[in-house]
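> Chain by chain, the residues:
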Amino acid sequence: MVTSITSFGRSGLYDWMVQRVTAVILACYTVFMIGYLAFGAELTYDMWTELFQCTAMRIFTLLTLLSFAAHVWIGMWSVSTDYIKPTGMRFVFQSVTGLLTFVYVAWGIQILWGI
Amino acid sequence: MLVSVYRYNPETDDAPYMQDIHIDIPGGKDIMVLDLLQLLKDKDPSMAYRRSCREGVCGSDGMNMNGLNGLACITPLSAVVKDDKLVLRPLPGLPVIRDLVVDMGQFYKAYEKIKPFLINDTPPPAIERLQSPEDRAELDGLYECILCACCSTACPSFWWNPDKFIGPSGLLQAYRFLADSRDTATRERLADLDDPFSVFRCHGIMNCVNVCPKGLNPTKAIGKIRNMLLSQAT
Numbered sequence: 001m002v003t004s005i006t007s008f009g010r011s012g013l014y015d016w017m018v019q020r021v022t023a024v025i026l027a028c029y030t031v032f033m034i035g036y037l038a039f040g041a042e043l044t045y046d047m048w049t050e051l052f053q054c055t056a057m058r059i060f061t062l063l064t065l066l067s068f069a070a071h072v073w074i075g076m077w078s079v080s081t082d083y084i085k086p087t088g089m090r091f092v093f094q095s096v097t098g099l100l101t102f103v104y105v106a107w108g109i110q111i112l113w114g115i
Numbered sequence: 001m002l003v004s005v006y007r008y009n010p011e012t013d014d015a016p017y018m019q020d021i022h023i024d025i026p027g028g029k030d031i032m033v034l035d036l037l038q039l040l041k042d043k044d045p046s047m048a049y050r051r052s053c054r055e056g057v058c059g060s061d062g063m064n065m066n067g068l069n070g071l072a073c074i075t076p077l078s079a080v081v082k083d084d085k086l087v088l089r090p091l092p093g094l095p096v097i098r099d100l101v102v103d104m105g106q107f108y109k110a111y112e113k114i115k116p117f118l119i120n121d122t123p124p125p126a127i128e129r130l131q132s133p134e135d136r137a138e139l140d141g142l143y144e145c146i147l148c149a150c151c152s153t154a155c156p157s158f159w160w161n162p163d164k165f166i167g168p169s170g171l172l173q174a175y176r177f178l179a180d181s182r183d184t185a186t187r188e189r190l191a192d193l194d195d196p197f198s199v200f201r202c203h204g205i206m207n208c209v210n211v212c213p214k215g216l217n218p219t220k221a222i223g224k225i226r227n228m229l230l231s232q233a234t
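Chains as they are written, first to last, in full-length UniProt numbering: chain H, 1 to 115; chain L, 1 to 234.
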């Protein structure tokens with residue numbers, strides 16, 4: 001048993017499951033967006049605004065945003081523990097990744113509810 | 001043919017280097033790489049490599065031949081030589097002791113971690129612990145591992161974290177004991193593996209399956225360990 005204090009959920013199984021569940025959510029959102037843009041009517045500003053003013057779409061987008069954050073953390077944590085061996089450098093990389101992810105989530109929420 | 005061999009003697013060399021040797025195969029026969037090594041050693045007795053059984057059972061002569069790990073004793077030249085050239089290197093990722101001889105310490109430590117022995121807390125019967133033929137069949141494809149390290153040293157996850165990731169060989173053995181009907185420590189064994197490194201650093205690239213000289217499938221065994229962890233989780 002390897003003790004890890006910076007992984008997403010401390011358990012390998014939990015991280016593995018979260019990575020897969022969030023991947024499905026991200027895939028669903030991507031498919032929806034491609035479908036909406038490719039097969040919907042010609043896109044106008046009003047249609048785009050209307051789409052994101054819908055509560056269901058906001059919930060779906062927020063879910064995707066949070067899934068993205070969890071997915072990114074698990075993936076980047078894995079990459080950093082593979083390739084960055086000095087603890088200090090790895091800590092800086094993980095801190096920047098965590099901070100950027102948080103900024104994207106907070107910014108995304110502001111954009112989503114600011115429409 | 002041209003053979004390019006990784007050479008390093010820490011007592012005399014500052015750094016490893018590749019030595020190119022031209023050699024004629026007697027009779028133009030399709031010999032094994034181990035036989036070729038013996039021919040090279042006849043030319044240069046300072047060359048070091050491990051060998052023992054010369055029939056793919058002991059796992060001593062694992063090495064990297066034209067980029068692919070395998071056992072020199074059961075790999076014919078025709079299977080690896082390209083453009084009349086063969087590049088021989090030690091198993092990747094492990095410290096080199098000399099020439100093609102690597103320090104297997106880290107590999108054995110990973111093996112030791114999975115407790116490679118039967119644990120059974122019930123009183124032993126008078127003669128032996130019996131298994132049904134079906135239970136015994138569960139161990140097929142697992143017990144045959146000869147610990148040659150070809151798989152683990154072909155695995156990038158093992159290269160980057162040999163002290164934390166058990167590696168394909170160790171995990172194949174871990175499943176061999178998890179699947180054994182006579183073993184009673186399943187819960188403890190699984191608890192020891194449920195961290196982000198030991199099992200879950202496997203990304204399923206299947207290099208291990210590609211190189212295993214015994215034709216075993218560690219990726220499948222790792223998948224089964226994952227399923228066992230999933231099925232006992234709440």
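Calculated directly from the structure, the hints in this document are not laboratory data.
Cβ atoms here follow ideal geometry from the backbone N, Cα and C, with glycine treated the same way.
Do not take every clue at face value.
[What the hints assert, rightly or not] Negatives, chain L to chain H, calculated, CB over 12 Å:
no., residue
1, Thr12
2, Asp103
3, Ala126
4, Arg201
5, Arg226
[As the list claims (entries may be wrong)] What the simulated footprint calls covered on chain L by chain H, stretch by stretch (three residues with Cβ under 8 Å from a Cβ of chain H suffice, anywhere in the stretch; the number is not a length):
no., stretch
6, 19 to 33
7, 51 to 65
> Honestly, which of those hints from before does the structure not fit?
4, 5, 6 and 7
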